[in-house]
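**Q** Chain residues, written in single-letter form:
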Amino acid sequence: MRTTTKIIVALIAIALVAVPVFADPLSDAMAGKYKGTTISMAGPFTDNDAVKFNASMQAFMNRTGIKVEYEGSKEFEASIAIRIDGGNPPDIVDFPQPGLLENFVKKGKVIDLNKVLDMKKVKANYIQSWLDMATMTGPKGKIMAGVWGRVNAKSLVWYPKKEFDAAGYKVPKTWDEMLKLMAQIKKDGDTPWAIGIESGAATGWAATDWIEEMMLRTTSLENYDKWVTGKLKFDSPEVRKAIAAMETIWFADGMVYGGRKAIATTSFGDAPKVMFDTPPKAWLHKQGNFITSFFPNNLVAGVDYDFFYLPGLDPKYGKPALVAGDIYAMFNDRPEVRALMQYFATGASVEGWVRAGGAISPHKDSRLEWYANDVERKVAEVIQNATAVRFDGSDLMPGAVGAGSFWKEMTAYVSGSKTLDQALKAIDASWPK
Amino acid sequence: MKAIRQGGGPGTAATVLVTVILAFIALAWTLPSFGVLVTSFRDSKDIFTSGWWTVFPHEAWMKTGEIAVDPSLDLDGEFEMEGSRADFPTWRTGVETKPGRLLKWYGNKRTRKVEIFEKRWKGFAANLTLENYANVLAAGEIKYKDANGDVISRQGNNFADAVLNSLAVAIPATVIPILIAAFAAYAFAWMEFPGRKITFIIVVGLLVVPLQIALIPVLRDFMKLNLNGTYLAMWLAHTGFGLPLAIYLLFNYISQIPRELLESAFLDGATPFVIFTRLILRLSVPALASFAIFQFLWVWNDYLVALIFLGDKNRVVTSALAAMVGEKGQDWHLLTSGAFLSMILPLAVFFALQRFFVRGLMAGSVKG
Amino acid sequence: MNDGKNRAWTLARLALTLALAVGFLWGGYALLRSYQGSKLLLTLIAVCWGVGSVALLYFVLNEAAEALPRKAKALVLPLVFAGPALVLLFWFLVFPTLRTLVLSFMDATGTGFAGLDNFKFAFTDPVMREGFLNNLLWLVAGTGATVGLGLLIAVLADRSPFENVFKALIFMPMAISFVGASVIWKFMYAYKGEGTNVTDIGLLNAVVVAFGGQAQAWLLLPFWNNFLLILIMVWLQTGYAMVILSSAIKGIPSELLEAARVDGANEIQIFSKVIVPSIVGSIVTVSTTIMIFSLKLFDIVRVMTGGNYGTNVIANEFYMQQFTYGNSGRASAIAIVLLLAIFPVLAYNLKQFSERKAFR
Chain A
11 MRTTTKIIVA
21 LIAIALVAVP
31 VFADPLSDAM
41 AGKYKGTTIS
51 MAGPFTDNDA
61 VKFNASMQAF
71 MNRTGIKVEY
81 EGSKEFEASI
91 AIRIDGGNPP
101 DIVDFPQPGL
111 LENFVKKGKV
121 IDLNKVLDMK
131 KVKANYIQSW
141 LDMATMTGPK
151 GKIMAGVWGR
161 VNAKSLVWYP
171 KKEFDAAGYK
181 VPKTWDEMLK
191 LMAQIKKDGD
201 TPWAIGIESG
211 AATGWAATDW
221 IEEMMLRTTS
231 LENYDKWVTG
241 KLKFDSPEVR
251 KAIAAMETIW
261 FADGMVYGGR
271 KAIATTSFGD
281 APKVMFDTPP
291 KAWLHKQGNF
301 ITSFFPNNLV
311 AGVDYDFFYL
321 PGLDPKYGKP
331 ALVAGDIYAM
341 FNDRPEVRAL
351 MQYFATGASV
361 EGWVRAGGAI
371 SPHKDSRLEW
381 YANDVERKVA
391 EVIQNATAVR
401 FDGSDLMPGA
411 VGAGSFWKEM
421 TAYVSGSKTL
431 DQALKAIDAS
441 WPK
Chain B
409 MKAIRQGGGP
419 GTAATVLVTV
429 ILAFIALAWT
439 LPSFGVLVTS
449 FRDSKDIFTS
459 GWWTVFPHEA
469 WMKTGEIAVD
479 PSLDLDGEFE
489 MEGSRADFPT
499 WRTGVETKPG
509 RLLKWYGNKR
519 TRKVEIFEKR
529 WKGFAANLTL
539 ENYANVLAAG
549 EIKYKDANGD
559 VISRQGNNFA
569 DAVLNSLAVA
579 IPATVIPILI
589 AAFAAYAFAW
599 MEFPGRKITF
609 IIVVGLLVVP
619 LQIALIPVLR
629 DFMKLNLNGT
639 YLAMWLAHTG
649 FGLPLAIYLL
659 FNYISQIPRE
669 LLESAFLDGA
679 TPFVIFTRLI
689 LRLSVPALAS
699 FAIFQFLWVW
709 NDYLVALIFL
719 GDKNRVVTSA
729 LAAMVGEKGQ
739 DWHLLTSGAF
749 LSMILPLAVF
759 FALQRFFVRG
769 LMAGSVKG
Chain C
-16 MNDGKNRAWT
-6 LARLALTLAL
4 AVGFLWGGYA
14 LLRSYQGSKL
24 LLTLIAVCWG
34 VGSVALLYFV
44 LNEAAEALPR
54 KAKALVLPLV
64 FAGPALVLLF
74 WFLVFPTLRT
84 LVLSFMDATG
94 TGFAGLDNFK
104 FAFTDPVMRE
114 GFLNNLLWLV
124 AGTGATVGLG
134 LLIAVLADRS
144 PFENVFKALI
154 FMPMAISFVG
164 ASVIWKFMYA
174 YKGEGTNVTD
184 IGLLNAVVVA
194 FGGQAQAWLL
204 LPFWNNFLLI
214 LIMVWLQTGY
224 AMVILSSAIK
234 GIPSELLEAA
244 RVDGANEIQI
254 FSKVIVPSIV
264 GSIVTVSTTI
274 MIFSLKLFDI
284 VRVMTGGNYG
294 TNVIANEFYM
304 QQFTYGNSGR
314 ASAIAIVLLL
324 AIFPVLAYNL
334 KQFSERKAFR
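Chains as they are written, first to last, in the working numbering: chain A, 11 to 443; chain B, 409 to 776; chain C, -16 to 343.
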């Protein structure tokens, strides 16, 4: 008797759940249909980022009456793996690295958004490369694994604007102009660059960012894509050429504050701080737009600091932009969760954060006037104006490379404990077969 | 008294030597923590620009004036100022032109500015602040205005709440494993039962199992039992993970209790339960106390287990601290003050239990 | 007749305690689940309930066992004493270990069979080989230094008038959470580079420079950086060795020491002929636990160097494989290898154990 009751209940439930597939869960939610429900989220946002994220969710919560509980954790990588494998996943998880998400897609733990969201709206709101990067292969074939919520532009060179202008330096437009500027700064008795790649267990990622920038500037996009998917070896002329271009800055005498060894021991977040000493101890720092939150608190965007686009090396390869971002993936299928996922695919979901500063929206329906200041707006424009956008390669590579050997071997190489040859061969050897 | 009884009078050369050696080790041991204590009172920007020891009075070069350099002076190669010749990099690091007078080029060549430094005594740095502690302790969202009037907000911790949660987790998670382990250790040491040896081998072998491998299956069980997020789940988990060490430590102590002591009780017809509660527990107090200290510290400082089995609603101290410190750990000023606040209670536990390490507990019983 | 009455009385008493116990357990659980009032009170109730339940459990089980006939009692009683511990151990550690054993023969996602591939990786990969060598260093240098220093301090403190102060200071690092400790040592080893305008904020470099030396990137020094990391473990764990050994020293009957003094032994002889033999069991215990700790240790390495610059250890590779690379097969194989590596260490303990005689 009880079993039959259960079956009937289950059938009714399926019927109920099946219907909203054809309706739009987001408009239902906005109409207050899911009032009183709670959605759990987990991700790496803590501190300032968590506050900004929660603030940007406030509009959604007020409108729909759905409560969104975000749990940010510093041990995100480990805790999320345990929670998903242990059968207790949060409803939505925010992954800063698509490679990590792919681990779970392969295990078949992630819900295919093609089946639960209004994909016409989603597809209309992103450029194709974002959609491609969200498409991953699970045990049952290709699925849409998530939607992009927030992105970062990486190809930016920050400088202490006030002192920079006072010294009479000019923002370089081309690679050659940048080389001249570097020579000028050196001649004036200073070190041009501030570079640091220390990041605890993730030490080395800042170095891989540089290599990716150089790859985009010294070889074709096809080769970049091949490289990221493992079809082009690390031990290849293309990658060597990119690293050689990086070396002209990194290892040249007097070019980096503190010298080669200090690159490895300086935390990536501390590295830019020397630009804001008076007088500045270094003048240039390449990093994503998120780095501004590591700048000393009292600085004003556009007055104390600004950035320029890291120029292309070879006109042949255009003006590529390296980006990274947060992708939201869905682990529990409930109507209110669908509604929130659909919402994440709209610019409105990140508007609050964009206005507060520190986030760039990847959505087509977001507007430039949302940005908190000119600097942030310019970052958004860099992405818009780029001839090509490519995602941070190490985040796309399999975890064992992109969050493992690539970081580690580059760190070993930069610190001088391995030769380039040894490092490249070791990375190739670690690529999962 | 006890120490004096042993090593001769307090004034003897041996005691002085012992004290000096210990003082030296203790100093070396304390110095790193002391550095952090000082750091926790420093301004967040100072932490990165100077060593913590500079807050103490010391003789340092203090800027007393500056000189504008003649624009026509050629800065390539060596050049002369106040009678000293040196090249630009040397001028930049500073040249002592007269004893007690240091000239140092300011910034790059374009500034044409030289600063004069003189050696002066520097007192306690005034730039010490309690703000780091205030921020750690604050509840709710902290908002403050920076120099430009921009409002900066960060998530506050309900630190007092977190302390209570930590206590609710840590006290039972300390007492329960001790009790369970003491019973088991007694069984292994003094009771005969089939499979005793192989079970003991398993228990000791389990010492090496990294608890990370257990988290996934245990989480599944807790989900099925609807226990996740409760204190009970935390007690069970910490007990399970702490038992191998507890049994191993207590076994080594309980098994060394002189046989004669227990024999007479057995002959008097006491049940094992009575012997355990009346004799064993009393005699093992030092071992129980030392394990209690370790287990309490481990639970108190645990982050991963709490993160997974307790979640975000009943935040413990470590989660509260971790949540406050930025994603990439850049907020050293908050980290250091938080680390000190979270240390207070474990230290209190240590002091409270230290008095159980007393001499002669067993010796006295042999006679009685 | 009287016997039967007694028996009935025992049974009734047993039933009553059992009912009370169940009531206490369930009532407390229900109360905690639904309680909404003050946090402080909740904490108090939770603590009392948790601790009380366990004590009650043993009391009731023992009552039940004691009510059994003599033969059965002899069998059941050890089960009452050791049973709860074994249940928890099997649940939390043994079954997960068996699961890991199975997974170690599976592929990265734990679905396909992989044979011995993961073990091949665990023994031949250069990263793992580096880890084995470093672990050996941790095992020998780390354990030796920790136990040696702990013993020295325990013995010396025993005869110092300021025993408690010194012990508290040495113990202090144990109370520091790991995050705190990592900050402390980052400040110790900090290296800011060379060239113009560099100020050291690391204590070690400041000391070296003050004595006329050259600032070093300490954590990058090949080979020696391992010792700098081991030093952190020694700093953290000496308190543990000291506490255990000190409590063992306190267990040496004063008569023994006094007798030796009367016989004219000097302090060094007393140390080597009386103290060490009396506490050799505790020394083995402490060494074993610290060896195991040093095998399992990964967070110091993870936070300080991320396993770079030749400092990787096996447990860190386990963590990376499990959580960063998502390769449960390799991670499981590493965990199993760790488990096997410890057996030689356990041999001595087990020999001691076999020689024991129990009461019947």
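Calculated directly from the structure, the hints in this document are not laboratory data. Please note that a few of the clues may not be correct.
As the list claims (entries may be wrong) - Restraint-style ranges between C-beta atoms, simulated for each label pair:
| id | chain 1 | residue 1 | chain 2 | residue 2 | range |
| --- | --- | --- | --- | --- | --- |
| 1 | B | 458 | A | 185 | 35 to 41 Å |
| 2 | C | 78 | A | 431 | 43 to 49 Å |
| 3 | C | 330 | A | 97 | 35 to 41 Å |
| 4 | B | 498 | A | 398 | 26 to 32 Å |
Said to hold, decoys possible - Okay, derived cross-link-like pairs now, DSSO-like style, lysine-lysine, Cα gap no bigger than 27 Å in a straight line:
| id | chain 1 | residue 1 | chain 2 | residue 2 |
| --- | --- | --- | --- | --- |
| 5 | B | 605 | C | 334 |
| 6 | B | 517 | A | 196 |
| 7 | C | 103 | A | 435 |
| 8 | B | 453 | A | 271 |
| 9 | C | 334 | A | 243 |
| 10 | A | 171 | B | 517 |
| 11 | B | 471 | A | 172 |
| 12 | C | 169 | A | 428 |
| 13 | C | 22 | A | 77 |
| 14 | B | 517 | A | 197 |
| 15 | A | 116 | C | 103 |
| 16 | A | 443 | A | 150 |
| 17 | B | 512 | A | 171 |
| 18 | A | 243 | A | 183 |
| 19 | B | 721 | A | 172 |
| 20 | A | 428 | A | 131 |
| 21 | A | 190 | B | 632 |
| 22 | C | 22 | A | 428 |
| 23 | A | 183 | B | 453 |
| 24 | A | 443 | C | 169 |
| 25 | B | 453 | C | 334 |
| 26 | B | 453 | A | 171 |
| 27 | B | 721 | A | 45 |
| 28 | A | 172 | B | 527 |
| 29 | A | 77 | B | 453 |
| 30 | B | 521 | A | 172 |
| 31 | A | 241 | A | 150 |
| 32 | A | 119 | B | 632 |
| 33 | A | 196 | B | 527 |
These figures come from a predicted structure and were not determined experimentally. Note that beta-carbon positions come from the ideal geometry of N, C-alpha and C, so glycine has one too.
**Q** It remains to establish, for every hint, whether it holds in the given structure.
**A** Hint check results:
At roughly 37 Å, the beta carbons of residue 458 (chain B) and residue 185 (chain A) sit within the given window of 35 to 41 Å. Checking the proposed 43 to 49 Å range against residue 78 (chain C) and residue 431 (chain A) shows it holds: the Cβ atoms sit about 46 Å from each other. Against the hinted window of 35 to 41 Å, the Cβ-Cβ separation of residue 330 (chain C) and residue 97 (chain A) comes to about 39 Å, which satisfies the hint. Under the hint 26 to 32 Å, the C-beta atoms of residue 498 (chain B) and residue 398 (chain A), about 47 Å apart, miss the expected range.
Under the criterion of a C-alpha separation no larger than 27 Å, the hint pairing residue 605 (chain B) with residue 334 (chain C) is consistent with the structure, at around 11 Å. Distance check on the hinted pair: residue 517 (chain B) and residue 196 (chain A) sit about 10 Å apart at the alpha-carbon level, within 27 Å; holds. Pair hint residue 103 (chain C) plus residue 435 (chain A) holds up; C-alpha atoms about 20 Å apart against a cutoff of 27 Å. Taking the CA atoms of residue 453 (chain B) and residue 271 (chain A), the gap is about 23 Å. The hint holds against a cut of 27 Å.
Taking the CA atoms of residue 334 (chain C) and residue 243 (chain A), the gap is near 54 Å; set against the 27 Å cutoff, the hint is violated. As the CA atoms of residue 171 (chain A) and residue 517 (chain B) are separated by approximately 18 Å, the hinted pair is consistent with the 27 Å bound. Between residue 471 (chain B) and residue 172 (chain A) the alpha-carbon distance is near 24 Å, which keeps this suggested pair within the 27 Å criterion. A threshold of 27 Å between alpha carbons decides the hint, and for residue 169 (chain C) with residue 428 (chain A) the separation of about 24 Å falls inside it, so the pair holds.
In summary, the hint linking residue 22 (chain C) to residue 77 (chain A) is supported, as the alpha carbons are separated by about 23 Å, within the 27 Å threshold. Note on residue 517 (chain B) and residue 197 (chain A): the hinted pairing holds, with a Cα-Cα distance of about 8 Å set against a maximum of 27 Å. Under the criterion of a C-alpha separation no larger than 27 Å, the hint pairing residue 116 (chain A) with residue 103 (chain C) is consistent with the structure, at around 24 Å. With a CA separation close to 20 Å, the supplied pair residue 443 (chain A) and residue 150 (chain A) stays within the 27 Å bound.
A threshold of 27 Å between alpha carbons decides the hint, and for residue 512 (chain B) with residue 171 (chain A) the separation of about 24 Å falls inside it, so the pair holds. Distance restraint check for residue 243 (chain A) and residue 183 (chain A): the Cα-Cα separation of roughly 32 Å exceeds the 27 Å cut-off, and the hinted pair is therefore not satisfied. Between residue 721 (chain B) and residue 172 (chain A) the alpha-carbon distance is near 46 Å, which puts this suggested pair outside the 27 Å criterion. With a C-alpha separation of about 50 Å, the suggested pair residue 428 (chain A) and residue 131 (chain A) falls outside the 27 Å cut-off, and the hint is violated.
Distance hint between residue 190 (chain A) and residue 632 (chain B) is unfulfilled; the C-alpha atoms sit about 66 Å from each other, more than 27 Å. Proposed proximity of residue 22 (chain C) and residue 428 (chain A) is contradicted: the alpha carbons are some 55 Å apart, above 27 Å. Of the supplied pair hints, the one linking residue 183 (chain A) and residue 453 (chain B) is violated, its CA atoms being roughly 33 Å apart against a limit of 27 Å. For the given pair, residue 443 (chain A) sits about 37 Å from residue 169 (chain C) by alpha-carbon distance, which is inconsistent with the 27 Å threshold.
The hinted pair formed by residue 453 (chain B) and residue 334 (chain C) fails the criterion: a straight-line CA distance of about 58 Å is larger than 27 Å. A hinted pair counts as satisfied when its Cα atoms are at most 27 Å apart, and residue 453 (chain B) with residue 171 (chain A) qualifies at roughly 20 Å. At most 27 Å may separate the alpha-carbon atoms for a hinted pair to count; residue 721 (chain B) and residue 45 (chain A) meet this at roughly 21 Å. Only pairs whose Cα atoms come within 27 Å are accepted, and residue 172 (chain A) paired with residue 527 (chain B) is rejected, the gap being roughly 32 Å.
Pair hint residue 77 (chain A) plus residue 453 (chain B) does not hold up; C-alpha atoms about 38 Å apart against a cutoff of 27 Å. The hinted pair formed by residue 521 (chain B) and residue 172 (chain A) meets the criterion: a straight-line CA distance of about 18 Å does not exceed 27 Å. Restraint check for residue 241 (chain A) and residue 150 (chain A): satisfied, since their Cα atoms lie roughly 24 Å apart, inside the 27 Å limit. Only pairs whose Cα atoms come within 27 Å are accepted, and residue 119 (chain A) paired with residue 632 (chain B) is accepted, the gap being roughly 18 Å.
Proximity of residue 196 (chain A) to residue 527 (chain B) is assessed by CA-CA distance (about 31 Å); at most 27 Å being required, the pair is judged violated.
The structure shown violates the earlier hints numbered 4, 9, 18, 19, 20, 21, 22, 23, 24, 25, 28, 29 and 33.
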